[in-house]
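Throw the hints in and build the complete structure from the sequences for me.
Protein sequence lines correspond, in order, to chains A and B.
So the first sequence is numbered by our numbering: it starts at 46 and just counts up by one.
So the second sequence is numbered by our numbering: it starts at 41 and just counts up by one.
A hint or two may mislead.
Residues on chain A that point at chain B, a partial pick, calculated with CB under 7 Å [to be verified]:
1. Leu100
2. Pro101
3. Leu103
Derived DSSO-like pairs (lysine-lysine); straight-line CA-CA distance at most 27 Å [stated by the list, open to error]:
4. A:Lys97 / B:Lys89
5. A:Lys76 / A:Lys54
6. B:Lys195 / A:Lys76
Keep in mind that the hints were calculated from the coordinates and are not lab data.
Think of the CB as a built atom: it goes at the ideal place given N, C-alpha and C, for glycine as much as any other residue.
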Amino acid sequence: MSRFSPGDKVRVLADFARPGHVRTPWYCRGKTGVVERVCGEFRNPETLAYAKDGLPSLPLYRVRFAQRALWPDYRGGADDAVEIEIYEPWLTPGED
Amino acid sequence: MHDDHADEHARDDGHAHGARDFQPDLEDTHAFDAASHLETALRELLIEKGVLTADELRAAIEFMDGRGAHLGAGVVARAWVDPDFKARLLADGTEAVEHYGIPIRPTHLVVVENTPAVHNMPAVHNMPAVHNMIVCTLCSCYPRNLLGRPPLWYKSREYRARAVREPRAVLAEFGTTLPQGTDIRVHDSTADMRYLVLPMRPGGSEGMSEAELAGLVTRDAMVGVTLPRAPARAAAE
Numbered sequence: 046m047s048r049f050s051p052g053d054k055v056r057v058l059a060d061f062a063r064p065g066h067v068r069t070p071w072y073c074r075g076k077t078g079v080v081e082r083v084c085g086e087f088r089n090p091e092t093l094a095y096a097k098d099g100l101p102s103l104p105l106y107r108v109r110f111a112q113r114a115l116w117p118d119y120r121g122g123a124d125d126a127v128e129i130e131i132y133e134p135w136l137t138p139g140e141d
Numbered sequence: 041m042h043d044d045h046a047d048e049h050a051r052d053d054g055h056a057h058g059a060r061d062f063q064p065d066l067e068d069t070h071a072f073d074a075a076s077h078l079e080t081a082l083r084e085l086l087i088e089k090g091v092l093t094a095d096e097l098r099a100a101i102e103f104m105d106g107r108g109a110h111l112g113a114g115v116v117a118r119a120w121v122d123p124d125f126k127a128r129l130l131a132d133g134t135e136a137v138e139h140y141g142i143p144i145r146p147t148h149l150v151v152v153e154n155t156p157a158v159h160n161m162p163a164v165h166n167m168p169a170v171h172n173m174i175v176c177t178l179c180s181c182y183p184r185n186l187l188g189r190p191p192l193w194y195k196s197r198e199y200r201a202r203a204v205r206e207p208r209a210v211l212a213e214f215g216t217t218l219p220q221g222t223d224i225r226v227h228d229s230t231a232d233m234r235y236l237v238l239p240m241r242p243g244g245s246e247g248m249s250e251a252e253l254a255g256l257v258t259r260d261a262m263v264g265v266t267l268p269r270a271p272a273r274a275a276a277e
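Encoded structure:
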């Protein structure tokens with residue numbers, strides 16, 4: 046079952062060193078966003094990529110980040126956003 | 041006559057034609073690196089051992105090359121003429137596209153809709169226009185079932201880095217100007233979802249059939265780096 050719901054504030058872990066086939070881009074690590082939707086459960090690419098079964102499956106979220114939260118010098122609309130798919134172990138509750 | 045023709049050619053580009061002027065053969069320009077040798081060895085072994093036939097392999101490539109933006113364009117045109125289909129497409133892209141008749145599983149499709157600004161009273165309820173754009177910053181994830189193989193620029197490091205960093209500058213370089221006040225949403229396909237932009241139906245397309253509408257929908261419009269063709273321009277081309 047998924048830990049977060051749409052609308053929840055979440056922060057991406059920054060100090061969560063994982064070797065190999067990590068699908069969490071560097072540019073969102075340590076940043077806070079809002080869960081846009083829960084995508085379902087998917088096998089873990091961090092083990093799946095190494096001929097393992099990728100189990101247990103992990104909840105996957107689409108998280109919306111304000112561009113200005115990602116890039117302090119962002120030049121563009123204040124409401125411009127990036128939405129990124131992130132697996133649950135990479136997320137922690139965001140502060141309100 | 042024959043000699044005149046040869047003379048003309050020699051004059052055209054101001055130099056004589058020697059063997060070195062021919063277009064180079066593929067084998068002379070393509071770098072055959074370790075990976076391509078590995079591919080050849082693996083392919084030949086699979087065929088020799090009877091795991092695959094050469095024709096199965098050829099047919100798989102033919103199938104992959106046959107997929108293209110016409111598939112996505114059909115889906116978009118259907119969404120423009122059928123509000124129920126559009127609602128299903130936005131709610132569950134995979135289910136709606138399968139039902140429409142394009143096998144897409146096990147891919148999970150998320151359709152993101154470009155929307156116009158909505159002016160409500162009171163003004164605090166105004167909704168800005170939204171424009172969506174797709175990228176895969178980690179590699180080159182792309183809705184191949186609906187658009188075929190991704191263009192080279194989509195896979196380039198420059199597009200992948202800049203689409204999330206300065207999307208408005210990237211759009212401008214594609215010649216795309218959005219109305220003032222439009223919010224831009226960039227979708228980074230980092231994991232299991234694949235994305236398709238549902239563009240806004242162009243003005244002036246009211247009387248067009250579903251098939252004619254599909255002709256307005258381009259690959260790049262469904263990636264979100266541009267807008268659909270205008271009906272008048274499409275008719276003139």
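Problem set entry | Hints that the structure is at odds with (numbers, increasing) | 1, 2 and 3
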